[in-house]
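J.: The primary structure of each chain is shown beneath.
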Amino acid sequence: MNAQFKKGVLELVVMVVVDEADIYGYELVKTVCEIIQVNEGTIYPLLKRMTLEKYFETYLRESTEGPPRKYYRITSLGREEMIKLKKDWLDFSKSINTFLEKGESHE
Amino acid sequence: MNKNEFLNQLRKRLSILSQDEIEELISEYSEHIDHKMSEGKSEEEAVSDFGDLGELSRSILQAYKLNDHYTNKPKFSELLEKSEITGRKFIKSFEEFYSKISLSEVFKFLILIILSFGCVALLKFPFMLFRSISLWFLEIIFGYNFISHFDGIWTFVVNAIYYLCSILLMISVVHFGQQRYMHITHQSQNLSKKPDVKVDEVKKEVVSEKIVDDVKKEVIYKEKKTGGFKSFISKCVNLFYYMIIWSLRLLILAILFPVLIGLVIGLFMWGMLVFLVLSKVPLVGVMFTSGMGLVFGLCILFVIFAFTFGLKLKTWKYSRIFSIILITLILGGFGTIWSLNELSQFEWVENDTNPIEYEYQLNDIDKILLTNTWAQFEIDNSLEEGVIICRIPKLNEKLNISNENKNLLIVNNDYSELNEINQIRDGILKQFDALKEGKLIVSYEDYSNGIIIRVNEKDFDALQNRLNYN
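If you read the sequences in order, they're chains A and B. Residue 108 is where the first sequence ends in the numbering used here, and the numbering goes up by one at each step. Residue 473 is where the second sequence ends in the numbering used here, and the numbering goes up by one at each step.
Hint data in this document are derived by calculation from the structure and do not stem from the laboratory. Just so we're clear, the structure is a prediction, and the values are computed from it rather than from any experiment. Just so you know, not all the hints are guaranteed correct.
As the list claims (entries may be wrong) - Each computed BS3-like pair below joins lysine-lysine, with the alpha-carbon atoms no more than 25 Å apart: (1) K71(A) to K6(B); (2) K6(B) to K31(A); (3) K71(A) to K442(B); (4) K92(B) to K49(A); (5) K44(B) to K31(A); (6) K44(B) to K55(A); (7) K95(A) to K85(A); (8) K88(A) to K71(A); (9) K49(A) to K15(B).
Claimed, not checked - Listing some non-contacts, in silico: residues in chain B with all C-beta distances to chain A over 10 Å: (10) L59; (11) Y67; (12) E84; (13) L266.
Even glycine gets a Cβ: it sits at the ideal position worked out from N, Cα and C.
One chain only, chain A, in its complex shape:
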């Protein structure tokens, strides 16, 4: 898939995943990578940026194995942003789809 497409939608996917349940870094990366094929390394900076932008907040939780894990939780600001992005995406993909389907019917 085109890298530019991925980049645009990655943020939304990450938000939706975090919104479903609080999640720690590795699990999140794994889940996201199952949905879109992206470089694993790029998700951490994205998480960092979104945390700095106050879309996410983090807290530590003990794990049965290894050191405590950093969990991400969506904030109300993040949720607002997610809803907005989701709507944008759906509107956008809908209009593109209609446009493309129209093109196909002409062929």
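Since the structure of chain A is provided, determine the placement of chain B on it from the hints.
T.: Chain B only, in chain A's frame:
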């Protein structure tokens, strides 16, 4: 590439970020690799999944809104941007601060300030007492002469310790205020969230107060939302509280300023010491010790400054500070012995203050010109008639017979017209020359012995007639 190599390279590329941020990211990536390996992937595979390191670090830096072709030297525009962010943060923290604080805390803080000032004032008495008693003892042991030289230094030392104690006291008050402030904002943030969050360290510290305060905060928080007169008063009081913290900070700054100037002068003196060492005067130990003292002083000043203004010194862990102090003490002790040993190698000489007496025949002199100096006249009947004796200490005063007019005796002071810098310079040069010869001048000229002109009683009027002042 194995995990450690990868993490080290990443760390290098992210070096522009703050240490905390780097560690946080590194631990995240390290955990990620560990997880992958526990799922059966090899170390190499887990690392290679991250793709190109350059691209990765670039995208990380972009997340922090940093330039992707970032060099380690911050550019001016970035500095500007940074200062703007800091400014905004400051204003924001100010707003947060003054909308989320309770009256009772303000009063607690005010009482603390009053108490601290009381302590500073009370502290003066034991210090005064200590100074007097210690001086008294020293006088008994070493005699009055020693004390007359030592008094100033000792008073200075005692005062310095006193001021240091005062500064520490005020810093602790400011610090207390800052912690209060942080603790309050922390709590008010928690109010808007679910209470099931894991208790972090900050919270643990304040947990005992929290139970009581939380209820109070909640009330205030609700008041904030509805506005009202109470919150207005609270705002005003909080503003006052904030101003007190700042005025205390400025006070500390004002006290520190002379210390800073002292350090700058010390640096200048140290430069001269280096010059001496370079001209092969054996003062390496003195240079080393005093240089270390200067650096230590600067460090202390910096730490005091940082604590006063609430700068983050997270990397300055207490253990590190203690080890630095310990090393300084050991090196300082060693350096002092070294310096004393070096200084004992010098021949300690006292400055020659013996006055010189010149004898003139009064008839040879038509005029005595005293320029910018002062002389004392004594009648000495043991002298023969017509003889005057000028007693000149080895000061800056000079005595000479004018070249043009052989009958004019000029007594002048070289330096009075010029500024004191010349005297200081001359003193320093004198000491320099002495040091190069392996001597150390330990006392300066006795300025109390001025010019004395002695004459027989019968010639006194004649002398007075010849005197001219300029």
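J.: Do the alpha carbons of K71(A) and K442(B) lie within 25 Å of each other, as the hint requires?
T.: violated, 69 Å
J.: Is the straight-line distance between the alpha-carbon of K44(B) and that of K55(A) 25 Å or less?
T.: Since the Cα atoms of K44(B) and K55(A) sit roughly 34 Å apart, the hinted pair is violated (cutoff 25 Å).
J.: Given the proposed pairing of K88(A) with K71(A), does the C-alpha separation stay at or below 25 Å?
T.: violated, 29 Å
J.: So is L59(B) really clear of chain A, every C-beta pair being over 10 Å apart?
T.: Non-interface label on L59(B) violated, nearest chain A Cβ at 4 Å vs cutoff 10 Å.
J.: Hint check: K71(A) vs K6(B), CA-CA at most 25 Å. Holds or violated?
T.: Satisfied, since the Cα-Cα distance of roughly 20 Å is no more than 25 Å.
J.: With a cut-off of 25 Å on the C-alpha distance, tell me whether K92(B) and K49(A) pass.
T.: holds, 19 Å
J.: Straight-line Cα separation of K44(B) and K31(A) no greater than 25 Å?
T.: Holds: K44(B) and K31(A) sit about 14 Å apart, inside 25 Å.
J.: Could you grab the alpha-carbon distance between K95(A) and K85(A) and see if it respects the 25 Å cut-off?
T.: Satisfied, since the Cα-Cα distance of roughly 15 Å is no more than 25 Å.
J.: Given the hint that K49(A) pairs with K15(B), test it: the Cα-Cα distance must not exceed 25 Å.
T.: holds, 19 Å
J.: Far enough from chain A: is every CB of that chain over 10 Å from the CB of E84(B)?
T.: holds, 15 Å
J.: Would L266(B) pass as off the interface with chain A, using Cβ distances and a cut of 10 Å?
T.: holds, 39 Å
J.: Find the nearest Cβ of chain A to the Cβ of Y67(B) and say whether that gap is larger than 10 Å.
T.: Non-interface label on Y67(B) violated, nearest chain A Cβ at 7 Å vs cutoff 10 Å.
Figure legend: structure checked against the earlier numbered hints; hints not met, in rising order: 3, 6, 8, 10 and 11.
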